[in-house]
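Line by line, the protein sequences are chains A and B.
Numbering follows the working numbering, in which position 66 of the first sequence is assigned residue number 66; successive positions increment by one, without gaps.
Numbering follows the working numbering, in which position 43 of the second sequence is assigned residue number 43; successive positions increment by one, without gaps.
You may find that some hints are simply not true.
Subject to a maximum C-alpha distance of 20 Å in a straight line, what follows is the list of computed SDA-like cross-link-like pairs (lysine to any residue) [to be verified]:
(1) Lys502(A) to Gly11(B)
(2) Lys106(A) to Asp91(A)
(3) Lys502(A) to Leu9(B)
Just so you know, the hints here were simulated from the structure itself, not pulled from any lab data.
Just so it is clear, the structure is predicted and the values come from calculations on it, not from any experiment.
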Amino acid sequence: MQRCDLIVIGAGPAGLSAAVEAARQGMRVTVYDENARPGGQLFKQIHKFFGSREHKAKIRGIRIGEELLQEASAAGVQVELDAVVTGIFADKEVTVRQGERMLRRKADTLIIATGASENMTSFENWTLPGVIGAGAAQTMMNLHGVRPGEKILMLGSGNVGLVVGFQLLQAGCQVVAVADALPGIGGYGVHAAKLARCGVPFYTAHTIVRAEGVERVTGAVIGAIDQNWHIVPDSEKHFDVDTICLAVGLSPMSRLCGLAGCVMEDNPQKAGLVPVVDALGETSVPGIFAAGDVSGIEEASSAMIEGRIAGLAAAHRMGFMASSALDARLAELTGALASLRAGMFAPGSKGKVFTHTAEGCALSASLLRRGFVADEEIDRYPGVTRARGVHPVLECTQNIPCNPCADACPRQCITVGADGGTITALPVFDAARGCTGCGLCVAACSGQAIFLVDEEAGEITLPYEFLPLPQKGEQGMALGRDGQPVCPAEVVAVRTSAAFDKTNLLTIRVPAEYAGRARFYRKER
Amino acid sequence: MRINEHPVLGGYPKGEAVAFTFDGARLSGYAGEPVAMALKAAGVFIHRYTRKNHSPRGIFCAIGRCTDCVMIVNGRPNVRTCITPLAADMDVRTQYGMGAKHAAL
Ligand code: FES
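Bound-form chain A, shown alone (with noise of 0.2 Å):
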């Protein structure tokens, strides 16, 4: 039988980055995945991610998973595709089935990095062609380069389904409404601002009836659901759809980490069951350890942490590694992830109620409700200021772990967490400091939710991902962040920039009374 040192099964964002670890401690790895491609699900994140530097935030998920393929093959990590892990055994035997043959391997340690899996939900008609999940629409347009319809109906607005809405419209898709049983907006608000502001309406406390047509799905119809879950009489909207997409949460895939022996439980903060693990992400097998969203569903970047932090553990573990280097490394890898761990989103803070942020700033009702802050409550976020001249409006009104607007900012105008503070602080831009409106927040910020706001000139310079791009000298609409015209507008300058990373910069001239509220911009009038 084949052995190697360390087995890693996955090799998603927490698989590649255990494996390249453990590889640069010197351990020979394998890594199987199920998959005729590595990396998970990054290829099909086409969007900035957020954190800090350490966290590689304002990169997209795409450039992260090239990235982390370069480092396994520099670091010698062999990677098996089309490779799936069928069981594993006592002394860490594993069973694989690739392509027709089924092969016996073993390792002295076993990192289980097998992810999540999307839930589903069953209404009437639900099995029509024209249902898809989320993670299905995400590979046929990312990763193929086919539209998964052409008016599509989002059900869901955690994070999965207000990304995968925008990246709908990037693909040249209609997102009809945005639906979500809960009352409030699941995701990021700055990620439902993005939608809203493109004209996509939000139905909180909406569920879906039923999908309509025979052989495809050629409408659907959404209903108010009252305290009890009922649908209340005569609130039905119809939609004429040929798609409807599935965002409905995550679950762990821990179907190995039980079979491997390990202990296990059910947690609602980690969104299913899950193996018990410590610190360093070791189950109650010893030497067999668990990674990314398979103990916990959390974002991307914190699954590379936890994957590097169990790649040392195991290098440690073999005697591939001294004490005082992991704990080197460790003060440093957790110290990222608790930072990631952070804000109003954190898995800890599942089930909490905010009404204020930390700053104590009043939470838009609106923003959570439609999608988008109301005018007459922006003004009241610390980012929303207004000078002389051009300068960043930072409409940032949670606190979620990101700062790359502080990063990008060459004249350090602008401040995350001030003294140490943290990275779930809302912006602060310093007037003092001489904004050059050189526009590197408002690309750098993965929210999208920076603009370069001049009063007096009425010029609004935004964040603009799609195509066609508009053209200096072009005259349009200008809208508001609910998505409704506000004003004509003429396009005076397009910045695109290999520092922008395909995020291009739009300034539209709009009547100066109008330059708090215009926030994007339409060619039709």
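Add chain B with the ligand to chain A, keeping to what the hints say.
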């Protein structure tokens, strides 16, 4: 249904253009892309009908997990088309229950 140019991704790496058949009709796609993608781009949505209720199924997960997209490919039933790469002259057929149309009747 094809995205010609994407604002972030630009173009998509594609294999050679190839012809294949769907229920006898000639369609085209790109070698190496999943059969299901070539079908979708050609406007085909129904991959199979269930055995008992004869209800239609199409792509659902697109990653080989749900088996909704299985079809008869080169005479072999139950092939998950969302993870099967397209090749020139493939013979792809709608699956009825567990096999070809006559088998279900
Ligand atoms: S669509 Fe689920 S297996 Fe192909």
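Okay, the hints, checked on the actual structure:
1. Restraint check for Lys502(A) and Gly11(B): satisfied, since their Cα atoms lie roughly 13 Å apart, inside the 20 Å limit.
2. At roughly 8 Å between alpha-carbon atoms, Lys106(A) and Asp91(A) fall within 20 Å of each other, so this suggested pair holds.
3. A distance of roughly 9 Å separates the Cα atoms of Lys502(A) and Leu9(B); the hinted pair therefore holds under the 20 Å criterion.
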